[in-house]
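A.B. asks: Keeping the supplied structure of chain A fixed, place chains B, C and D upon it in accordance with the hints.
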Amino acid sequence: MSTFIWFCGLVLSLLLCPLLPGLVGKLKGIFVGCPGPSVWQPYYDMLKLLRKGSVYSQTTTWVLPLAPLVTLAALLCAMLFLPFAFVDSPLAFEGDVIVFFYFLALGRVLGVLAALDTGSSFAGMGASREMQFSSLAELGMFCILAFLLRLSGRFSMSGLLNAADSSMWSYSGTALFLVAIAFFILLLAENCRVPFDDPDTHLELTMIHEAMVLDYGGPDLGIIHYAAALKLWLFTSICSLMIVPAGLLSGFGGLLVFVLAQFLLGGLLALVEAVSARFRFLKVPQFLLGVPGLAIIAIIMLLLFK
Amino acid sequence: MNGLIEILLLSFLLCGFLLANSSRLMYCIKLVAVQGFLLGFLPLAVAKVEGGSLDWEVLLLAMINIAVKGAVLPYMLQKAMLKAGVRREMEPLLGYAASGLVALSLIALSFWFAQQLEYSEQVVSRLAAPVAFSGILIGLFLIVARRKALTQVIGFLCFENSIALFGAGMMLQYGALIELGILLDVFVMVFVMGIAVFQIKQEFQHINADLLNALKERPGK
Amino acid sequence: MSLLLFALLLLVFSALLCLLLSLNERSAGLVLADFSFGSLHLPVLLALGGAVLGLLSLLPFCVTAIYRGASGSYSEFLRAWFLLPIIFVGILSALHSPAYLDAGYSCLRRGLYWFFFNLMLATMLLVTWVSQPIVFLLAWEGMGLFSFALVLFEYRHKDNLRAAWIYFLACQAGGALLMLMFLLRTQAESYPLFFFISGLLGFGLKAGLPVLHIWLPEAHPVAPAPVSALLSAGMINLGFYGILRWLLLPGLVSLPLLGYSLLICGMLGALLGIFFAIPQKNLKRLLAYSSVENMGLIACGLGYGFLSLHWQRADLALLSFAAAGLHILGHALHKGNLFLLSGNVYKSCHELSLDRLGGLQKRLPGSGCAFMLSALALSGLPPGNIFMAEILLYVAAARGIASGSLLIATLSLALFLTLAFCGALAATVFSKAGAAVFLGEPRSPAARKSHAIPALMKHCAFAFLGLSLILLCLSPFLASRLAQVFAGQSGLLWPDDLLDNFCMPAFNEHLLNTLLGFSLFFVVLLFMLFCIRRRHLPYSRREAPRRFTWDCGFAQPTARMQYTGSAFVQPLVYLFAPLLRPMRNILAPKGLFPKKASYELSCRDGGEQLFWRPLMNFTVRLAIFSHRLQSGHLHLYVLLMILGLLALFIWGFAL
Amino acid sequence: MPLLLNILIPAVFAGIIFFLGKRISAQQSRHLFVLCALLNFVSALLSQPLFALTQLGSWLFLDKFSAPILLLSASLFVWVSIYAGGWLQALDDMSRRGAERDSGFRDPRLFPEHVFLSCTLLFLAAMNLAISSANLGLFWVAIEATTLVSAPLLCFQRSKAALEAMWKYLLICSLGIALALLGLFFLAIAEPTQSGLNLFALMEHSEALNLQWGKAAFILILAGYGTKMGLAPFHTWLPDAYSATPGLVSALLSGALLNCAFLGIFRFTQIMPAALLPSCRQMLLALGFLSLLTAAFFVVRQQNYKRLLGYSSIEHMGILAIILACSLSNADMQRVLLWHIIGHSLLKVALFLLAGNIFLAYGTRSVTAVKGMFESMRWNAFLFLLCLLMLCGSPPSPLFVSELLLVFELGPWLGAALLFLLFMVAAGMLHAGMRMCMGTSPRQESMRKAALLAERLFPMPAVAAFLALSFGVSLIFLLIRTYTIF
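Chains as they are written, first to last, in the numbering used here: chain A, 1 to 306; chain B, 307 to 527; chain C, 528 to 1182; chain D, 1183 to 1668.
So that you can see chain A by itself, here it is in the shape it has in the complex (with noise of 0.2 Å):
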């Protein structure tokens, strides 16, 4: 009955996720005072792009067109660790975390390949940064990660995410809130959120994910916006499995409760997208060297009063 439940979480997200940039893109338009647009756009963009051909540049070789499918296909294979709707999932072993991020990273590292593939500077820009940024950040993702290690003692997606149940809350709370927080920031940063690069902006040199995505185009550009939707899908579902705690519904009660975390934490990227800027390219790894600085005060907090 639960795996049916936790598929069904599956097949929601998988249908769902673009919904979230929808959401957030229609939330910053109501704060900023226009109606924005509307929440299915996303979608109408993907079918659009999906029927269209496209055009490949003279200096790219095979590496361009693999990009999109090996990022897509690399973030389907990570879905099947994450314990949607509390139940831990069916595929679940002793370091899938790991397995996780390596292929969020595999991903990743072709993006950047495939964007020095076109030759272009402001892809190349956009590679470079996107290098740096996330190489600190998977820094401070792995002290999240050991934090959560301590806290559940189980080193898998499901076991990190389901530990949090309402008594833990009570007595580790701070440092939960301190990671929380930590993983808020990692979100933005991953993926292209505004304090860190401008998803909608068209000025080249302040975008970094938007740029390495210049010479993309029909149903390539469709895949890779699917694919930046389910990524933004996955690490809101972490940050929401985090914190909500597991035991409050069962069956199909959580996954309800699942979804509407998942809206909630859209809503609250909209808030903090409309009300903060982009920040200063040398800002960022300062800020983002930050990170690994709340989970370390969080895991000594674990570490010494436990």
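The set of hints was computed from the structure by calculation and includes no laboratory data.
Wrong hints could be hidden among the right ones.
[Said to hold, decoys possible] Derived BS3-like pairs: lysine-lysine, alpha-carbon spacing no greater than 25 Å straight-line:
{"hint": "1", "chain 1": "A", "residue 1": "48", "chain 2": "A", "residue 2": "26"}
{"hint": "2", "chain 1": "B", "residue 1": "522", "chain 2": "B", "residue 2": "507"}
{"hint": "3", "chain 1": "B", "residue 1": "522", "chain 2": "D", "residue 2": "1631"}
{"hint": "4", "chain 1": "B", "residue 1": "507", "chain 2": "B", "residue 2": "389"}
{"hint": "5", "chain 1": "D", "residue 1": "1553", "chain 2": "B", "residue 2": "507"}
{"hint": "6", "chain 1": "B", "residue 1": "385", "chain 2": "B", "residue 2": "507"}
{"hint": "7", "chain 1": "B", "residue 1": "336", "chain 2": "B", "residue 2": "522"}
{"hint": "8", "chain 1": "C", "residue 1": "1117", "chain 2": "C", "residue 2": "976"}
{"hint": "9", "chain 1": "C", "residue 1": "808", "chain 2": "C", "residue 2": "1123"}
{"hint": "10", "chain 1": "C", "residue 1": "685", "chain 2": "D", "residue 2": "1553"}
{"hint": "11", "chain 1": "A", "residue 1": "48", "chain 2": "A", "residue 2": "28"}
{"hint": "12", "chain 1": "D", "residue 1": "1246", "chain 2": "D", "residue 2": "1342"}
{"hint": "13", "chain 1": "B", "residue 1": "385", "chain 2": "D", "residue 2": "1631"}
{"hint": "14", "chain 1": "B", "residue 1": "385", "chain 2": "D", "residue 2": "1246"}
{"hint": "15", "chain 1": "C", "residue 1": "976", "chain 2": "C", "residue 2": "889"}
{"hint": "16", "chain 1": "C", "residue 1": "889", "chain 2": "C", "residue 2": "685"}
{"hint": "17", "chain 1": "D", "residue 1": "1342", "chain 2": "B", "residue 2": "389"}
[What the hints assert, rightly or not] Just the calculated beta-carbon pair ranges, DEER-fashion:
{"hint": "18", "chain 1": "C", "residue 1": "877", "chain 2": "D", "residue 2": "1634", "range": "40 to 50 Å"}
{"hint": "19", "chain 1": "C", "residue 1": "1127", "chain 2": "D", "residue 2": "1659", "range": "46 to 56 Å"}
{"hint": "20", "chain 1": "B", "residue 1": "432", "chain 2": "D", "residue 2": "1183", "range": "25 to 35 Å"}
{"hint": "21", "chain 1": "D", "residue 1": "1513", "chain 2": "B", "residue 2": "411", "range": "51 to 61 Å"}
{"hint": "22", "chain 1": "C", "residue 1": "1126", "chain 2": "A", "residue 2": "203", "range": "24 to 34 Å"}
{"hint": "23", "chain 1": "D", "residue 1": "1634", "chain 2": "C", "residue 2": "1127", "range": "39 to 49 Å"}
Cβ atoms here follow ideal geometry from the backbone N, Cα and C, with glycine treated the same way.
C.D. replies: Using the frame of chain A, we list chains B, C and D on its own:
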């Protein structure tokens, strides 16, 4: 008669001391000749004192000694000096007054050093060892403190004579063949040094040993 | 024993025969084959045959020894495990060499190359095989000498002198330290620490531990590609072979001492290695630094294994030893492949500087794909062997964090974060290397005029990939064998009272099996997506039109507009500037129409700059100062003699 | 009887060449020279202890230690004599061409060739006398004679530097040897039974020696023969002498003469009483390590490759002193002593002959001026680097075996110090060697012809190096079979 040996040793010591002070090369060569002569005469004096058992071997060796060190070598050094056209040791590395003081202190040092060593009974006289050591030290001092190559040869000769004196003074028996070998070696050594001085004069037009410093470590970068 | 003898004889005789034959021009000129092998002369063929046959004959021994695993003897298994990389890389480098050496080398130099190549292989076999200390020492020094001769092969370039000299110093110092270690081994009771330190330094010099690594980035760019492949894939592992073979003296070397030193050296080495790999401009130098990083990770694995045995956590020990073992073999295969490919690049355009290459994928398609695959594997990304090894270490560290005491948790956390950070930076370094060499437009006339290379050079790379695929499938089986043997042997180091009440748990292969399953699933999924993308989407069946790179509408993009390798890592280099200490020499443009302006940023090796260079300068200054003693003045010489004599007398009588 | 022949043959031939020099042609005198070298080699072979009577009255004898040294110096002399043929021929051509070009040309040779040949033969006679003398006094006379006779050899090629080198060599060595004479007199005093300086008598009465005089005698002997041998504070003449003499003479000097001087010290330690042995050991160790230290510091950034080889001689004499110190306490180190001497002499002769070739080709002795030897004279460069490697004690050479056993004899702390110093010397020498071999050679035409001539003179050093290599390999096999010390 013990006095005769004492006189011989003291005059040997005096020659050594004068060597350290004299600047004229001709005078130094004469002093070394006297030293050689005294050294050759010592075994005869000892044999006369011991009891007159003068066998022909000791006599022959003494004669050769006197001939070589007293006559042949000084003559050869004189010829070398004339060819080298050098009259006097102009400004030595250490002034003559200072070298006089140094010679005296060396003599005092060797007398102190001779006291430390204990002797077996068959020593010619208590004076032999100190005189020999002072001769050695003065010889070394001459080599170090003089500029001209010829003076260094003379210093070396004084050094050899005092070592031979030490051997004779200590009544050592190490076979006539070895005695002759040593004498031959010293003779050929000084002979070769004389030729060397002449060649240096030919090549460098001067015989200042301290200017012979072309061969040294070039300071690397 | 007879097996080794046969291999050694084959190698040595083929070497001598090749040298003799290449002495007289006539027989050397006898060209036997001139197809994909490149022109194959008789002596070269002999040497090549000798090398390949000699190494292949040892393969059955290795397979049986590894198959027997814990049941066979420890030294037998260790020997087999460290022979495997030598055999694989040796054969493939030998196959790669005739094509690599084809161009302007006279036949005598080719004969010399093969002479030293085969003898180096022979001494490497001897080092892993022999158990008698004197013969081991001789083989170790011989290996150093023959590889020194090969590093000296390109003697025409004057700047190779410094690299070859530093390499010679490393070999000589290593030999001296090992001689000291064997001396102390006989009387180890009185000096256990001195014995351990000299052994660790002696083997660490070869394995490239943090400060002792400086010869690696110097020697590799200078040596011919097949030789540097053999060096970095076969030879530097022998450093760890030495530690495992000679330093594990029960009762003498305590587990914590061994564990802490290896772990700390490993972590430092990994971080330093990858940090200094970032700014490198020469492809082979970059690969050499990545070898230092990987050796650091292997040392971490071993160190953590010994420590967990000390903490009586046998499950962690099994995992970390398996990780270290798999890492050794995986790194050997992929790094050997990358060095051979850098040889392909050099052969096709005689240029190795990353900022002047580019766009070679179109001219060397096969090498390009192989490079990309090996690069991805070496940066630890999922389907590769290194990922299999690293995940075992991750799991061990995670278990340490989750359940250990304060000390164990902190150490495991440090290892956990080192692995993560090195993984991330390695991905940056290898994406820079791969993109700068193969993707984009050719940045210099040399890259533009790159010509095709003999086919064999490409096949060697594919052979490497095939071997690593086989290794990938066998990794669960190998890991379990490996873990039991290493843990069993280092178990001897326990104090006796502990030994009896402890049984060695079996190594669970569940983790690696599931990983293989997931990799297969990933590949199948990728293939399905590819088919959907290629066939079932509209317009997908027509050939996509090829235009200029769009690049926001810029009409004529030129090759100079591309991001070069050093531009790609410039943000990271500025971020870690205090560590990397980049040196800029700028030729500012002068006047209205500047003729010449240049900006050059280079990073000197940290270990060398902070430790070895000041030490070297101090000794040289002291030496030159002491040269004044030999001033040339005769009087001073005599005075020195007299003083020496006086000192002897004073020492003899007064003291 | 062959012992006496050893000394007479060279002396007689020297006389013949000296007096007939003017009448017979240069070619014939060279042939006579080579003939005498061969004859001497045969008589050295005959006088080995296993063939014939080893003792001739109380004056000459050959024991287990000095016999190999005699054979070694005889074989070295054969190589040098054959090499001398080619070298003197080259000098002849140079002086004839010079004389044709301009009349004011001064003959590059200080004195006629036959005098040089006869002096060399006298040098050989004196060396044979020294090696096979049983009386310490006779030994002293022979060593003094070698100094006298080798002095003119040094300045055979007319140049300021050669004369200066000869003067320093002459003065410092004769001073040193005079000190040794004083040491002998001290020994005679210390020996109560007045039995003369015969070695066997001294050995029997060694326990009755007066300790104070005995120690003074040892110090003076150490200083005296140490000067001739090149131990640390007395080494100053050696680099200057070697850097200015032709390769031929320095090969003879370092290959053979240093071993004879070492023999003096070795004989003296044989007659030392047991009470004095610890202090002798300490002094030998001190001087040995001091020599190693000076060699290590002076080899770094060395600008002249002949001096480089000079300092390596000082280093190896230091090692010999250390091995001797160890052999006082453990007798089987004497074998190691012999191995080291033979290995060092063979390699040093090969290297000096190669240095001569390099000077012939490049005309300069500075390390920085010589470039690209691999390119210009391939075989010489390869051999030069190989011999340098073997001299620094890498495996194929016998020095590796002796250094390995020495380190195991010295124990951890001294062993570590020795290894560090050897490492420094190896670093300095190889840096110079590699700097000369690598890079591209200058393109002058004259140099190319000279390089070809040098390549033709390649076989002689090659033979010496090959002998050293085979000796080393046989030693290594011996080491593996017999030594189970660890």
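A.B. asks: None of the hints should be skipped; say for each whether it holds.
C.D. replies: We went through each hint and held it up to the structure:
1. For the proposed pair residue 48/A and residue 26/A, the alpha carbon gap of about 20 Å is at most 25 Å, so the pair holds.
2. A distance of roughly 21 Å separates the Cα atoms of residue 522/B and residue 507/B; the hinted pair therefore holds under the 25 Å criterion.
3. Using a Cα cut-off of 25 Å, the hinted pair residue 522/B and residue 1631/D is violated, with the two alpha carbons roughly 31 Å apart.
4. Of the supplied pair hints, the one linking residue 507/B and residue 389/B holds, its CA atoms being roughly 8 Å apart against a limit of 25 Å.
5. A distance of roughly 37 Å separates the Cα atoms of residue 1553/D and residue 507/B; the hinted pair therefore is violated under the 25 Å criterion.
6. Taking the CA atoms of residue 385/B and residue 507/B, the gap is about 13 Å. The hint holds against a cut of 25 Å.
7. A distance of roughly 36 Å separates the Cα atoms of residue 336/B and residue 522/B; the hinted pair therefore is violated under the 25 Å criterion.
8. Using a Cα cut-off of 25 Å, the hinted pair residue 1117/C and residue 976/C is violated, with the two alpha carbons roughly 33 Å apart.
9. Proposed proximity of residue 808/C and residue 1123/C is supported: the alpha carbons are some 22 Å apart, at most 25 Å.
10. Restraint check for residue 685/C and residue 1553/D: satisfied, since their Cα atoms lie roughly 9 Å apart, inside the 25 Å limit.
11. Proximity of residue 48/A to residue 28/A is assessed by CA-CA distance (about 24 Å); at most 25 Å being required, the pair is judged to hold.
12. The suggested pairing of residue 1246/D with residue 1342/D is violated, with an alpha-carbon distance near 43 Å, which exceeds 25 Å.
13. Note on residue 385/B and residue 1631/D: the hinted pairing is violated, with a Cα-Cα distance of about 47 Å set against a maximum of 25 Å.
14. Distance check on the hinted pair: residue 385/B and residue 1246/D sit about 48 Å apart at the alpha-carbon level, beyond 25 Å; violated.
15. Proposed proximity of residue 976/C and residue 889/C is supported: the alpha carbons are some 12 Å apart, at most 25 Å.
16. With a C-alpha separation of about 34 Å, the suggested pair residue 889/C and residue 685/C falls outside the 25 Å cut-off, and the hint is violated.
17. For the hint pairing residue 1342/D with residue 389/B, the CA-to-CA distance comes to about 19 Å; that is within 25 Å, so the pair holds.
18. Range check, residue 877/C to residue 1634/D: about 32 Å between beta-carbon atoms, so the 40 to 50 Å window is missed.
19. The hinted window of 46 to 56 Å between residue 1127/C and residue 1659/D holds, with their beta carbons roughly 54 Å apart.
20. In this structure the hint that residue 432/B and residue 1183/D lie 25 to 35 Å apart at CB is violated, the actual value being about 48 Å.
21. Taken as a hint, the range 51 to 61 Å is violated for the pair residue 1513/D and residue 411/B, whose Cβ atoms sit roughly 46 Å apart.
22. Roughly 27 Å separates the CB atoms of residue 1126/C and residue 203/A, a value that falls within the hinted 24 to 34 Å.
23. Checking the proposed 39 to 49 Å range against residue 1634/D and residue 1127/C shows it holds: the Cβ atoms sit about 43 Å from each other.
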